[in-house]
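Asks: Build the full structure now, drawing on both the sequences and the hints.
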Amino acid sequence: MGAALGVPEYIIHPRNERNELIPYSDMDPQVFLDLATADGDDLGRVVLKLSAKTHPLLTENFRLLCRGEKTCAMGSSLHYRKTPLHAICWREGVVVGGDVFNKNGSGGHAANDVSFTAREESLPKEVGSLCMFNQSSKSVRFDSQFFIIVDDCGPLQDGVAFGKVTEGLEVLEEIMRFGSNSGIPKKKIVIADCGQV
Numbered sequence: 001m002g003a004a005l006g007v008p009e010y011i012i013h014p015r016n017e018r019n020e021l022i023p024y025s026d027m028d029p030q031v032f033l034d035l036a037t038a039d040g041d042d043l044g045r046v047v048l049k050l051s052a053k054t055h056p057l058l059t060e061n062f063r064l065l066c067r068g069e070k071t072c073a074m075g076s077s078l079h080y081r082k083t084p085l086h087a088i089c090w091r092e093g094v095v096v097g098g099d100v101f102n103k104n105g106s107g108g109h110a111a112n113d114v115s116f117t118a119r120e121e122s123l124p125k126e127v128g129s130l131c132m133f134n135q136s137s138k139s140v141r142f143d144s145q146f147f148i149i150v151d152d153c154g155p156l157q158d159g160v161a162f163g164k165v166t167e168g169l170e171v172l173e174e175i176m177r178f179g180s181n182s183g184i185p186k187k188k189i190v191i192a193d194c195g196q197v
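Per the UniProt record's numbering, numbering of the sequence shown is gapless, rising by one per residue and ending at 197.
It is worth saying that the hints were derived from the structure and are not from the lab.
For glycine and all other residues, C-beta sits at the position ideal for the given N, C-alpha and C.
One thing to keep in mind: the hints can contain errors.
[What the hints assert, rightly or not] Only pairs whose alpha carbons sit at most 27 Å apart, straight line, appear in this in silico DSSO-like list of lysine-lysine:
| hint | residue 1 | residue 2 |
| --- | --- | --- |
| 1 | Lys186 | Lys103 |
| 2 | Lys125 | Lys103 |
| 3 | Lys186 | Lys82 |
| 4 | Lys70 | Lys53 |
| 5 | Lys70 | Lys103 |
| 6 | Lys82 | Lys103 |
| 7 | Lys188 | Lys103 |
| 8 | Lys188 | Lys82 |
| 9 | Lys70 | Lys188 |
| 10 | Lys53 | Lys125 |
| 11 | Lys49 | Lys125 |
| 12 | Lys103 | Lys187 |
[Stated by the list, open to error] Distance ranges between label pairs, derived from CB positions:
| hint | residue 1 | residue 2 | range |
| --- | --- | --- | --- |
| 13 | Asp41 | Ala73 | 31 to 37 Å |
| 14 | Glu17 | Lys187 | 46 to 52 Å |
| 15 | Asn19 | Trp90 | 48 to 54 Å |
| 16 | Glu20 | Ser180 | 47 to 53 Å |
| 17 | Asn112 | Trp90 | 33 to 39 Å |
| 18 | Lys186 | Met74 | 28 to 34 Å |
| 19 | Asp152 | Asp39 | 28 to 34 Å |
| 20 | Gly44 | Cys153 | 18 to 24 Å |
Replies: The structure is reproduced here in structure tokens:
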């Protein structure tokens, strides 16, 4: 049993209506991304709710990368903090980030391994959906790259939706002005900070 601020976990651990402990796997964690320009101008916070019950592997990977708890074999921190949104694409209505390795969209690294396999079906893709990129269109392997749907620009084939923006969609809508049809950002936007709510 762990303790938080000196309080035993069994006292603060969430319980259901029958006063039974709720397994962590049944709780949908929330994470945040604080976005800013590379010059340090704060753009706002985006809060995302992850679907642990339907997508436990994708959720845990994303949660760990938001918290920065892991390192890769070379000792580099595996953390979304200070990584850019390397694509802001008007044509597809998405912002893309999560390259914790090369920080330019050419790489990625999962929290517990270089990549991992997840055969989970996608939740419906709609405005506000958080999706993990699969390594190729027919692959079930994932690493750290993700995208968030900001505008409804038609069906997207890539990725698996496993979460949803609960706060800050207007922040992402504002960031779209720094995008282009090719996806190359007009201004560098970074995840200034991130973590679990």
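Asks: Run the structure past the numbered hints and jot down the numbers of the failing ones, going up.
Replies: Failing hints: none at all.
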